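There are 2 protein chains.
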Amino acid sequence: MDEFVLAVDLGGTNLRMAVVGRDGGIIHRERCPTPHTGGAEAIVSAIANLAQKCRSAVDGNSLSRSLAIAAPVIMKLAEHRIDSAPNLPMLNGTDLAGELNRKLNVDVVLENDATAAAIGEHWLGASRGFDSSICVTLGTGVGGGIILHGKPLRGPDGTAGEIGHICVEPNGKACGCGSWGCLEQYASATAVVRMARELASGPSSLLKYTVDLTAKDVFEAALKGDATAIEAFKRMGYYLGLALAGLANVLNPEVIVIAGGMAAAWDAFIEETRIQIKTRAFREPADRVKLVRAELGDDAGILGVASLALLKSYERVDQVDPLQ
Amino acid sequence: MDEFVLAVDLGGTNLRMAVVGRDGGIIHRERCPTPHTGGAEAIVSAIANLAQKCRSAVDGNSLSRSLAIAAPVIMKLAEHRIDSAPNLPMLNGTDLAGELNRKLNVDVVLENDATAAAIGEHWLGASRGFDSSICVTLGTGVGGGIILHGKPLRGPDGTAGEIGHICVEPNGKACGCGSWGCLEQYASATAVVRMARELASGPSSLLKYTVDLTAKDVFEAALKGDATAIEAFKRMGYYLGLALAGLANVLNPEVIVIAGGMAAAWDAFIEETRIQIKTRAFREPADRVKLVRAELGDDAGILGVASLALLKSYERVDQVDPLQ
Numbered sequence: 062m063d064e065f066v067l068a069v070d071l072g073g074t075n076l077r078m079a080v081v082g083r084d085g086g087i088i089h090r091e092r093c094p095t096p097h098t099g100g101a102e103a104i105v106s107a108i109a110n111l112a113q114k115c116r117s118a119v120d121g122n123s124l125s126r127s128l129a130i131a132a133p134v135i136m137k138l139a140e141h142r143i144d145s146a147p148n149l150p151m152l153n154g155t156d157l158a159g160e161l162n163r164k165l166n167v168d169v170v171l172e173n174d175a176t177a178a179a180i181g182e183h184w185l186g187a188s189r190g191f192d193s194s195i196c197v198t199l200g201t202g203v204g205g206g207i208i209l210h211g212k213p214l215r216g217p218d219g220t221a222g223e224i225g226h227i228c229v230e231p232n233g234k235a236c237g238c239g240s241w242g243c244l245e246q247y248a249s250a251t252a253v254v255r256m257a258r259e260l261a262s263g264p265s266s267l268l269k270y271t272v273d274l275t276a277k278d279v280f281e282a283a284l285k286g287d288a289t290a291i292e293a294f295k296r297m298g299y300y301l302g303l304a305l306a307g308l309a310n311v312l313n314p315e316v317i318v319i320a321g322g323m324a325a326a327w328d329a330f331i332e333e334t335r336i337q338i339k340t341r342a343f344r345e346p347a348d349r350v351k352l353v354r355a356e357l358g359d360d361a362g363i364l365g366v367a368s369l370a371l372l373k374s375y376e377r378v379d380q381v382d383p384l385q
Numbered sequence: 062m063d064e065f066v067l068a069v070d071l072g073g074t075n076l077r078m079a080v081v082g083r084d085g086g087i088i089h090r091e092r093c094p095t096p097h098t099g100g101a102e103a104i105v106s107a108i109a110n111l112a113q114k115c116r117s118a119v120d121g122n123s124l125s126r127s128l129a130i131a132a133p134v135i136m137k138l139a140e141h142r143i144d145s146a147p148n149l150p151m152l153n154g155t156d157l158a159g160e161l162n163r164k165l166n167v168d169v170v171l172e173n174d175a176t177a178a179a180i181g182e183h184w185l186g187a188s189r190g191f192d193s194s195i196c197v198t199l200g201t202g203v204g205g206g207i208i209l210h211g212k213p214l215r216g217p218d219g220t221a222g223e224i225g226h227i228c229v230e231p232n233g234k235a236c237g238c239g240s241w242g243c244l245e246q247y248a249s250a251t252a253v254v255r256m257a258r259e260l261a262s263g264p265s266s267l268l269k270y271t272v273d274l275t276a277k278d279v280f281e282a283a284l285k286g287d288a289t290a291i292e293a294f295k296r297m298g299y300y301l302g303l304a305l306a307g308l309a310n311v312l313n314p315e316v317i318v319i320a321g322g323m324a325a326a327w328d329a330f331i332e333e334t335r336i337q338i339k340t341r342a343f344r345e346p347a348d349r350v351k352l353v354r355a356e357l358g359d360d361a362g363i364l365g366v367a368s369l370a371l372l373k374s375y376e377r378v379d380q381v382d383p384l385q
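Which chain is which? The protein sequence lines are U and V, in order.
Just so we're on the same page, the numbering used here is the position in the first sequence counted from 1, plus 61.
Just so we're on the same page, the numbering used here is the position in the second sequence counted from 1, plus 61.
Pulled out of the complex, with its shape left as it was, chain U reads as follows:
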């Protein structure tokens, strides 16, 4: 009884659901494209549909009455309503958890996807066994989640861990968040493509990709020895290291986990990141902090929210307003 939980990764492109056991084992999966028309109702219906498929595929009696969702959303302490969801704007201001609760008669746990990934890696991945960790998700943007004293840090507005918007260049590139010079503008996939283009003055192998250049193209060019591509990743590693050196001093974490699609380009940027942490952070936190690749891939968020529904250890203690 209650041995398994339904866990969802609600991404901008795909909606993925898994049936997760207490040991983190996934016994069934379903997926569909994330609906971008029909508003929040279409998303609720899509989740309900996948849940039905999962229930049919496994022994329904073994499922708990919890549904856990990792999504690119920000929510305030002790409120259900989603404050902002830049990649899923139809969810702005909605009570997704409440609507799913009413439709499916389940308890819903909703967590920011980057925090969920940090929890997942802490439970079963690259930061397991460590009391304090930072999980940096390098993708189209730069996200982050923080674990301190074994618990996720969310903050009263749910924005804690947003390390992609630390300023690394005071007069740098304008950022979608409204600031400028944010880490996201120097360490995301988008940033690597832009920096490669900026660097590609004169003849370069990269110029032939001018129209549809991707971070993967830049990485492959770097592997082939293209100087422009190598330099673009070096800059990315430099700025990532500059931001992480500050966090090593300020949070003194035991481990920093690099996750997201850009982690695949690890070899092209990590050396410069290590150099910046080593030369900029205090000796003790720089010597202590391990810089490692994520181990759970796309399942980090699903396993992270599954643990919220399955385990006491990550419970949302900070959902209780301490000022009440």
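Just so you know, not all the hints are guaranteed correct.
[Unchecked claim] Pairs of lysine-lysine residues, derived as DSS-like cross-links and limited to a Cα-Cα distance of at most 30 Å, are as follows:
hint	chain 1	residue 1	chain 2	residue 2
1	U	Lys137	V	Lys351
2	U	Lys137	U	Lys234
3	V	Lys295	U	Lys212
4	V	Lys339	U	Lys234
5	V	Lys295	V	Lys339
6	V	Lys234	U	Lys234
7	U	Lys351	V	Lys295
8	V	Lys339	U	Lys137
9	V	Lys295	U	Lys234
10	V	Lys137	U	Lys234
[Claimed, not checked] If you only want the chain V side, here are some residues facing chain U, beta carbon under 10 Å, derived:
hint	residue
11	Asn75
12	Cys93
13	Ile224
14	Ser240
15	Arg258
16	Pro314
17	Ile331
18	Glu332
19	Phe343
Rather than coming from a laboratory, the hints here were simulated on the basis of the structure.
Computed from a prediction, not measured in an experiment: that's the story for all the values here.
C-beta atoms are modelled at their ideal positions from N, C-alpha and C, and glycine is treated no differently.
Please arrange chain V on chain U, whose structure you already have, making use of the hints.
Okay, now just chain V, sitting in the frame of chain U:
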């Protein structure tokens, strides 16, 4: 019985001791210059001497067997030995707490001074009643202490909270910590003097102070409308705001307390700091975070460590290694 505790602020210049009650009331004070010859032994003797004076001045039976010390030192988790003490180099590598314990037969609580100030302001000062806060100490250098979920964040190496060494200018001024472009190089008293000098090209009222210019001189010139002095403080406020905007996103604190000698120049820099937080941080954490002046002055550290000895709520839970 046990109603009062001896609390010490061990500074680079002065050694101050106070007898502190459970309500934070100070019923007696002693002080002497911090001895800079005679090594750690001279400091132990000076503390013992002040403790004797305090015991004589108040009812010795009402004193607990605890001695609490705030000092500019960094210590590892679960170790007594002081890792580094840049301003009191005679303490490097010593077991100050152990030596005092043996000499005075008291339990010794030793805490980093910036963290102690954050705890003091949280107990009785500008951040009381808030669950999460950052206390920035702006003096000769820039220190910091962080309170999350009502507890101080120390980290396994004791460096957590060192926000003075966040990079705010990638290619900026070399810092004593070995990095360059650190906040301390743009927001300390030393930094304001340097920036005023750098800006004072051409005729300026400040030039007459060229030899012994102090941050106080620059502040007084700013009050009198000196454009160079005003600009120096504006730059200070800019960089402080840039760093605090990042921390507002990453830690989502309810309040940021500005402490230290430079807090006296509040009016000269705080407007620019507010502007940077408002324009750079996400809307929710920027709207939430209160930026306030410290309320406890020089007693913040003494009251902070006194609370560690007197109260359970700030106990050093992270001195127990979670990996054991």
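Comparing the hints with the structure gives:
{"no.": "1", "hint": "Lys137/U to Lys351/V", "in the structure": "holds, 17 Å"}
{"no.": "2", "hint": "Lys137/U to Lys234/U", "in the structure": "holds, 29 Å"}
{"no.": "3", "hint": "Lys295/V to Lys212/U", "in the structure": "violated, 38 Å"}
{"no.": "4", "hint": "Lys339/V to Lys234/U", "in the structure": "holds, 18 Å"}
{"no.": "5", "hint": "Lys295/V to Lys339/V", "in the structure": "holds, 16 Å"}
{"no.": "6", "hint": "Lys234/V to Lys234/U", "in the structure": "holds, 22 Å"}
{"no.": "7", "hint": "Lys351/U to Lys295/V", "in the structure": "violated, 38 Å"}
{"no.": "8", "hint": "Lys339/V to Lys137/U", "in the structure": "holds, 19 Å"}
{"no.": "9", "hint": "Lys295/V to Lys234/U", "in the structure": "holds, 22 Å"}
{"no.": "10", "hint": "Lys137/V to Lys234/U", "in the structure": "violated, 39 Å"}
{"no.": "11", "hint": "Asn75", "in the structure": "violated, 26 Å"}
{"no.": "12", "hint": "Cys93", "in the structure": "violated, 31 Å"}
{"no.": "13", "hint": "Ile224", "in the structure": "holds, 6 Å"}
{"no.": "14", "hint": "Ser240", "in the structure": "holds, 4 Å"}
{"no.": "15", "hint": "Arg258", "in the structure": "violated, 21 Å"}
{"no.": "16", "hint": "Pro314", "in the structure": "holds, 7 Å"}
{"no.": "17", "hint": "Ile331", "in the structure": "violated, 19 Å"}
{"no.": "18", "hint": "Glu332", "in the structure": "violated, 18 Å"}
{"no.": "19", "hint": "Phe343", "in the structure": "holds, 5 Å"}
Checked against the numbered hints listed earlier, the structure breaks hints 3, 7, 10, 11, 12, 15, 17 and 18; every other hint is satisfied.
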